[in-house]
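Chemist: Could you put the whole structure together from the sequences, leaning on the hints where they help?
These protein sequence lines map, in sequence, to chains A and B.
Final position of the first sequence in the working numbering is 156; the numbers increase by one with none missing.
Final position of the second sequence in the working numbering is 327; the numbers increase by one with none missing.
If you're looking for bench data, these hints aren't it; they were derived computationally from the structure.
Check each hint, because a few of them may be wrong.
As the list claims (entries may be wrong) - A few chain B residues that don't get close to chain A, going by computed Cβ distances all over 10 Å:
#1 S133
#2 Y149
#3 L252
#4 S255
#5 Q271
As the list claims (entries may be wrong) - Simulated pairs of lysine to aspartate or glutamate, EDC-like, Cα-Cα distance not exceeding 20 Å:
#6 B:K227 to B:E276
#7 A:K79 to B:D24
#8 A:K79 to B:E28
The C-beta atom is built at its ideal place from N, Cα and C for all residues, glycine as well.
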Amino acid sequence: MGTPRPMLVYYSSRSGNTLRFVERLGLPALRIPISPKAAMPDPRAPYVLICPSYADGSGRGAVAKQVIRFLNDPQRRAGIRGVIASGNRNFGSYFACAGDLLARKCNIPVLYRFELAGLDSDIARVRAGLDKFWEMECSTAT
Amino acid sequence: MKDLNAPRPVPRAVNWNRLEDDKDLEVWNRLTSNFWLPEKVPLSNDIQSWSQLTAQEQTLTIRVFTGLTLLDTIQNSVGAPALMADAATPHEEAVLSNIAFMEAVHARSYSSVFSTLCNTAEVDEAFRWSSENPHLQAKSRLILDEYDASATPLRRKVASVFLESFLFYSGFYLPMHWSSRARLTNTADLIRLIIRDEAIHGYYIGYKFQRALESRSAAERAEIKDFAFALMFDLYDIEARYTEQLYDPLGLSEEVKHFLHYNANKALQNLGYEALFPEDAARVNPAILAALSPGSDENHDFFSGSGSSYVIGKAVATEDEDWAF
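Modeler: Structure representation (structure tokens):
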């Protein structure tokens, strides 16, 4: 067995910001569908979730319903290793708060935060960070 | 050619149980749950802080707020109504009517700040200043020309996103600057409510722009992209001069321009475009970022941090209701 390929799972609404970020990352990634009728992806390897934040002014509703549905399945949830959260600083203290929420619920680290579709430096940092992160994952996996 | 004498068609009654675009309901819910009025913010707690600003700082603040009032007024009375005529769904029209109303609330809020902190004569002087300021008038002119009936729906959306996501920020900088120095903190709370609303407005109109673009030819897409970047350059030129005029006396112009670049890049992203200004030029003073999103950087993230060890725990059972907080 070689090292497990780093896997990403992401959600992007039709505004497409997260999709554009993932496309520029150029890493293998499964998309959680927008439509509740479409089939959920089934990552067989450990994965990192990339997730936008949709909180209202009180922090409610931060995680998209489809992401919640995806994670409500115990087998799929068991594979999550970290979360990368996006958002907009204009939402004040709730900037990228889906990350903190998921980190608490799933007991995983927030790996990174970025705004909207991300900048080139965000892409570079996430690529480098994921490399290191998967190395550590592999060395600690039993 | 449209028959100008044709009677206005009866609109379809809006049925929110038959959506053509889920984003309409999502944004409607977000905007309505975020509804606020300036009375909710205890502005009078800033009276002492206001008295500690120099006369020059006070004048600057009032002028900046009259400039913001003008943009909100334009968006309330011209921008959002102009977009309503272009709406792709009846629900979009309803969302735009919310946007129009909230712009009126924003415009009204600045007057609440004025009536709490300032005297009538200096406020009247600032409104006179804004009506005569060449840069403020020039950027309003550029936007209004695109709202005009002779422009196209796509151009109107570009202009609207630039107003919502770019033009406000030469003004928003100042209350964030005061807030980072523990001054006018209640006024900053009010401004953050406005900033939050404008983010959703820019996001939604930018989203509708991208949807409208889907059905256009490659040539049309290239043309509107050229238009968008050209308009951004023109607006930026004006904003840079407006910024220098306002902030040079405080030595803040260069820092404000970084903030303008940062927000111009975000405005372009709302339209689905790539950033225009290089990251070095768009790096914002961390104190301003912290004032924008207070507390959000307290939990450092893994890739930006030192890479110290962390613990992966066991995933716990989650249900739908666990997530609703």
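Chemist: Now look at each hint and say whether the structure bears it out.
Modeler: Status of each hint after checking the structure:
no.	hint	result
1	S133	28 Å, holds
2	Y149	23 Å, holds
3	L252	23 Å, holds
4	S255	22 Å, holds
5	Q271	4 Å, violated
6	B:K227 to B:E276	11 Å, holds
7	A:K79 to B:D24	13 Å, holds
8	A:K79 to B:E28	11 Å, holds
Figure legend: structure checked against the earlier numbered hints; the only hint not met is number 5.
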